[in-house]
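K.L.:
Sequence:
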Amino acid sequence: MYVGSVGKDKHGDQICSAAEADGFTMKLEVSSGKRSGLCAVCRDGNSRTLAVHPSSASSLSDDFVNSAAVQEGQRSAKTIYTTAYANVFRVRQTLQLMTSSRCHTLPDGSKQLAAMGLSNKRVLDDFGEDLVDVLGKLDIITGNQEEIHDLAMMLQWVPSEMSDMELAKKIATETMPDQHGVRRVIMTHGVEPIIYATSAGESGEVPVVATCAH
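If you count the sequence shown from 1, position 186 lands on 186 in full-length UniProt numbering, and the numbers rise without skipping.
Derived from the structure by calculation, the hints contain no laboratory data.
Warning: the hint list may mix true and false statements.
[Stated by the list, open to error] Straight line, CA to CA, 30 Å or less: simulated DSS-like cross-link-like pairs of lysine-lysine:
1) LYS78 x LYS27
2) LYS27 x LYS111
3) LYS34 x LYS8
4) LYS78 x LYS137
5) LYS137 x LYS121
6) LYS137 x LYS27
7) LYS27 x LYS10
8) LYS111 x LYS34
9) LYS10 x LYS34
10) LYS34 x LYS121
Predicted model only: the values in this text are computed from it and were never measured.
Model the full structure from these sequences, guided by the hints.
P.N.:
Pasting the structure below:
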């Protein structure tokens, strides 16, 4: 299930219809005062720049998050996934979500997992002192090399003094104080192999497989 906020416009309708066509259950708060958020990716070779206007995406209300339909979806989810960019506008909501997730046990007895995709340093900076609290409640952390390095520097580590594998292992083992479960860290490198590490001592690389011709 996807939870978010859109405007009362064609872009919001397109997002909803396209996602539902792909099999997603959409729970969207519709803002009458703000348009749907838009983004564009500018590519130059392997370099990418993201231009974003969040608009209604930054207006997800506590009332909607706490509604019966959203809460039911949260209780049944095996993994709660969010992104640093989306949640920098509502850090308190994010902390509440992660905290409640850690208290929830699924019907099969397993723990519900909390995951976050990282973003650049400017976005992480906006979390302020709350970044450490959010980070400590994540079971799965994903990001590209630059994003992981930015996170390391914000933790006052020096990524140039260690390999990317060592850095992934350090994040996996040193930043989840309550040991809620096995922490997983995934670092992408474009077309280079993906690095992963867990707090259980597992680590390795996975080749990137092209899904379409360029």
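K.L.:
Check whether the Cα positions of LYS137 and LYS121 lie no farther apart than 30 Å.
P.N.:
Holds - the C-alpha atoms of LYS121 and LYS137 are around 19 Å apart, at most 30 Å.
K.L.:
For LYS78 and LYS27, compute the direct alpha-carbon distance and say whether it is at most 30 Å.
P.N.:
Roughly 17 Å separates the two Cα atoms, so the pair holds.
K.L.:
Mind checking the alpha carbons of LYS34 and LYS8 for me, to see if they're no more than 30 Å apart?
P.N.:
This hinted pair holds, its Cα atoms lying about 8 Å apart.
K.L.:
Quick one, are LYS27 and LYS111 close enough, alpha carbons at most 30 Å?
P.N.:
The hint holds at about 23 Å.
K.L.:
Given the hinted pair LYS10 and LYS34, is their alpha-carbon gap at most 30 Å?
P.N.:
holds, 13 Å
K.L.:
Holds or violated: LYS78 with LYS137, Cα cutoff 30 Å?
P.N.:
holds, 15 Å
K.L.:
Given the hinted pair LYS27 and LYS10, is their Cα-Cα distance within 30 Å?
P.N.:
Holds, at roughly 17 Å.
K.L.:
Taking 30 Å as the top limit, are the C-alpha atoms of LYS137 and LYS27 close enough?
P.N.:
holds, 24 Å
K.L.:
Please verify whether LYS34 and LYS121 have alpha carbons no more than 30 Å apart.
P.N.:
holds, 27 Å
K.L.:
Sort out whether LYS34 lies within 30 Å of LYS111, counting only the CA atoms.
P.N.:
Since the Cα atoms of LYS111 and LYS34 sit roughly 37 Å apart, the hinted pair is violated (cutoff 30 Å).
Consistency note: the structure conflicts with earlier hint 8 alone.
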